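Novice: The listed protein sequences correspond, in order, to chains A and B.
The first sequence begins at 1 in the working numbering and counts up by one.
The second sequence begins at 128 in the working numbering and counts up by one.
If you're looking for bench data, these hints aren't it; they were derived computationally from the structure.
Among these hints, one or two may not hold up.
Below, simulated DSS-like cross-link-like pairs (lysine-lysine); rule was C-alpha separation at most 30 Å, straight line [unchecked claim]:
hint : chain 1 : residue 1 : chain 2 : residue 2
1    : B       : Lys252    : B       : Lys236
2    : B       : Lys252    : A       : Lys109
3    : A       : Lys125    : B       : Lys236
4    : B       : Lys252    : A       : Lys125
5    : A       : Lys109    : A       : Lys125
Because the structure is a prediction, the values reported are computed rather than measured.
Number of protein chains: 2
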Amino acid sequence: MDEIITLTPIGHVENAFDERAEPDTIRAQVSRVVVDADLQAGLLGLQAGEQVMVVYYFHRSRGFDLRQHRRGDPLEPELGVFALRSPDRPNPIGVTVVEVLEIEGSVLKVRGLDALNGSPVLDIKPA
Amino acid sequence: MDEIITLTPIGHVENAFDERAEPDTIRAQVSRVVVDADLQAGLLGLQAGEQVMVVYYFHRSRGFDLRQHRRGDPLEPELGVFALRSPDRPNPIGVTVVEVLEIEGSVLKVRGLDALNGSPVLDIKPA
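Modelling step: build the complete structure from the supplied sequences, incorporating the hints.
Specialist: Listed below in structure tokens is the structure:
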């Protein structure tokens, strides 16, 4: 299939992580999911305390090998990229379930997101 | 943000559903996730009996309203599109956790997928 799919981000992530870090370290911190203001009506019904799924783009992805060591650790066995959550994958899309801590206008404060600062956000869905 | 993200499908879905149907009806049936043969090595480590997340493109999406009735039922209250799993959304990406029934070459037989026949598959990840 040669079809190409084009997407336009609905917003972006803001947090303290400009460089790669352990996913658990990032998830422990609060991130802001800043949705474009003209899409704010799309958030109607989302509430603090809920879990939502955030779909985002690994904008710092470095291309991919079809087989990789888990966490890039050469002591780990090699697995196929589709058996791993590595950001270095054919379509560098991340999907994470997060807890909504607060919603203010078109900004969601969340905990549990493992995206780097500036990651384009593609979608938000009920978890 | 005006950036545009381009993705190339890694494969496509094959099942009996060419037209929209109740998600539960589709999920109850077996679908085939046909991964491009040149990506087969990326499946290494996936096994029958496991749950995986399938990320796919709603190729029959009809555009979107920011507020929609759940399941398109006018008797349901209106919610923001990001509080719904409607296929009619700004970036029509579906994410579903499925059970792998069988893997043969680069084809995964799965149960639990709610994608229509021909849906482009963007990613497969551990659930």
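Novice: Please go over all the hints and tell whether each is borne out by the structure.
Specialist: To see whether the hints hold, each was checked on the structure:
no.: 1; hint: B:Lys252 with B:Lys236; result: holds, 15 Å
no.: 2; hint: B:Lys252 with A:Lys109; result: holds, 26 Å
no.: 3; hint: A:Lys125 with B:Lys236; result: holds, 26 Å
no.: 4; hint: B:Lys252 with A:Lys125; result: holds, 18 Å
no.: 5; hint: A:Lys109 with A:Lys125; result: holds, 15 Å
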